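S.K.: Given next are the chains, with one letter for each unit.
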Amino acid sequence: MKRFATRTGVFQLAGEAQGQALVFSQALSFWGGIDAGTGDIIDHSHPGLGLNVAGKVLVMPSGRGSSSSSSVLAEAIRCGTAPAGIIIERLDPILAVGAIVAEFLYAIRIPLVVCDIAGIVSGDPISIRSNGAGQAVVTLPAA
Amino acid sequence: MALELDARDQSMLDGEHGAAVAAAMKILVAFADAVGAQRLLDISSAHIDGCLYHGKAGLDFVERLVEGGGRVAVPTTLNVGSFDLIHPGMVKMPAGDEAPARRLMKAHIELGCQATFTCAPYQTRFRPRFGEQIAWGESNAIVFANSVIGARTNRYGDFIDLCCAMTGRAPAWGLHLSENRRGRILFELADALEPSDSVFVGVGLVVGHKSGDRVPVIAGLPQPRDEDQLKAFGAAAATTGAVALFHAVGITPEAATLDEAFHGLPPEQTIHISRADIAGALASLSSVPDGAPLSAVSLGTPHFSHEEWLRLLPMLREIAPAGNIPIYVNTGRATLQRLQDEGALAGMEAFGLTPVADTCTYVTAILGRLEGVVMTNSGKWAHYAPGNIGVSVAFGDMEDCIRSAAAGHVVRGRL
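Residue numbers (my numbering), protein chains in the order written: chain A, 1 to 143; chain B, 1 to 415.
Just so you know, these hints were derived from the structure itself, not from any lab. Possibly wrong hints are sitting among the right ones.
To be verified - Taking CB as the label site, the calculated pair distances span:
hint, chain 1, residue 1, chain 2, residue 2, range
1, B, 86, A, 107, 38 to 44 Å
2, B, 178, A, 10, 26 to 32 Å
3, B, 96, A, 141, 44 to 50 Å
4, B, 67, A, 3, 49 to 55 Å
5, B, 110, A, 108, 23 to 29 Å
6, B, 270, A, 50, 40 to 46 Å
7, A, 52, B, 242, 24 to 30 Å
8, A, 119, B, 307, 57 to 63 Å
9, B, 274, A, 61, 32 to 38 Å
10, A, 50, B, 408, 41 to 47 Å
11, A, 108, B, 322, 56 to 62 Å
None of these values were measured; they are calculated from a predicted model. Note that CB positions come from ideal geometry on N, CA and C, so glycine has one too.
My request is simple: use the sequences and hints to build the entire structure.
M.R.: Written out as structure tokens, the structure reads:
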């Protein structure tokens, strides 16, 4: 029987998601880093170059770079190429704005969670849900 | 501590001011939470960097605000768009993008924004005053407002600048608050420098590159001839770095003395800038040697001021380029109108002068020939144009640019 571990986090934008983890130790800027039409990572200086974020749970320390990342995230959500959810270690106003605007426009909500990302491995099945008290519960395979 | 909303904020959030304001307040609250603000504050103006068409989501957002009956709550200027609405036919754009890009500019006007379409709103009648709280987008406008005027804004951008405009509110954090406007890193100019345009660009490039997220203080900067040199400095610093505020000791309004700039505290780091550092930074802007054949000149990034025009026009008459090399000059439509009212531009097209309003030659397809070298006096243009529109660039001061247009190849005097 599979075993799972949970950790709690803070919702920057509440919601539910599940998908395979795509984990980066280096922040990825959506602007200049992701093709909103495909979800492909296009930043030549990023280790994820060539991978695709669509439907994944994107896990990284933080967002990065220009405020134009808000637009790119919103556009990716519109196009269906965005991650299913995003887990970061530090609050990120730029990603929060992109996700909130997309929810406002398209009624598609991707959760944005701030929590410890240590030990999460790419390919892990991850789920994000609410504990009913407004906190995020992230479920991942037990170590 | 969590964000506290006042009664009016709450009423906006609750929809009492309409659907568009409610949406703007909801997004603003989420943003304020994310940056850790404890309250919102009133702003007196906004500048929106949302008129360049980057995709449907940006347009959908503005359309929803229009449909929701939205109007901006404070005087709001607009940054450049993808089109020169004053000179139809100037911009060459794929047919599928043209309609939404035009609509994006128009939809902002329907929200009550002013049709300024300039990256230099500080040159318009909407220029803020010292100490005013504002919410501005566009990196050069932000650094100019904070540093040269002493107004107070953070680096606002996508969606949030418009949410501030719709609500008249901004999160009370960052550079809105006095304590965060303190200088953190000191740049000392080792050599006595002449106040040439290039010096201001070069020092700006170095300061931007080395400041990180710390407010830089520059000591030893020569007294500028005019605020256009500080505009060029700030634009360069906001190009190579994330500088939103600088203090130039003895020059900018919050830095009468070194002590004032640092709020009486010591700098966290001191960096010396030499003449060689400046020359190196400027050299990095040019990808071609002197003598390279020229296809165009581009001036006015950020938008050319009236004063800059009054320096350029006599220079054009004196050097009298033959007109076969276009000299594009990006400028605000109000500045252009003023020049036309003054009759200042009569006959100037014979020298190749091609004014561009509402947009800029490095963000959209204006340049007729991209295969050659374009010369510019802008550190910002030189930095972004190769990536944006695929040109080779030579940097030089305004007079070098005009002499090069006359010679047909890159000619440069001193740095």
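S.K.: Hints first: check each against the structure and report whether it holds.
M.R.: The hints, checked one at a time:
| no. | hint | verdict |
| --- | --- | --- |
| 1 | 86(B) x 107(A): 38 to 44 Å | holds, 39 Å |
| 2 | 178(B) x 10(A): 26 to 32 Å | holds, 29 Å |
| 3 | 96(B) x 141(A): 44 to 50 Å | holds, 45 Å |
| 4 | 67(B) x 3(A): 49 to 55 Å | holds, 50 Å |
| 5 | 110(B) x 108(A): 23 to 29 Å | holds, 26 Å |
| 6 | 270(B) x 50(A): 40 to 46 Å | holds, 43 Å |
| 7 | 52(A) x 242(B): 24 to 30 Å | holds, 29 Å |
| 8 | 119(A) x 307(B): 57 to 63 Å | holds, 60 Å |
| 9 | 274(B) x 61(A): 32 to 38 Å | holds, 36 Å |
| 10 | 50(A) x 408(B): 41 to 47 Å | holds, 44 Å |
| 11 | 108(A) x 322(B): 56 to 62 Å | holds, 57 Å |
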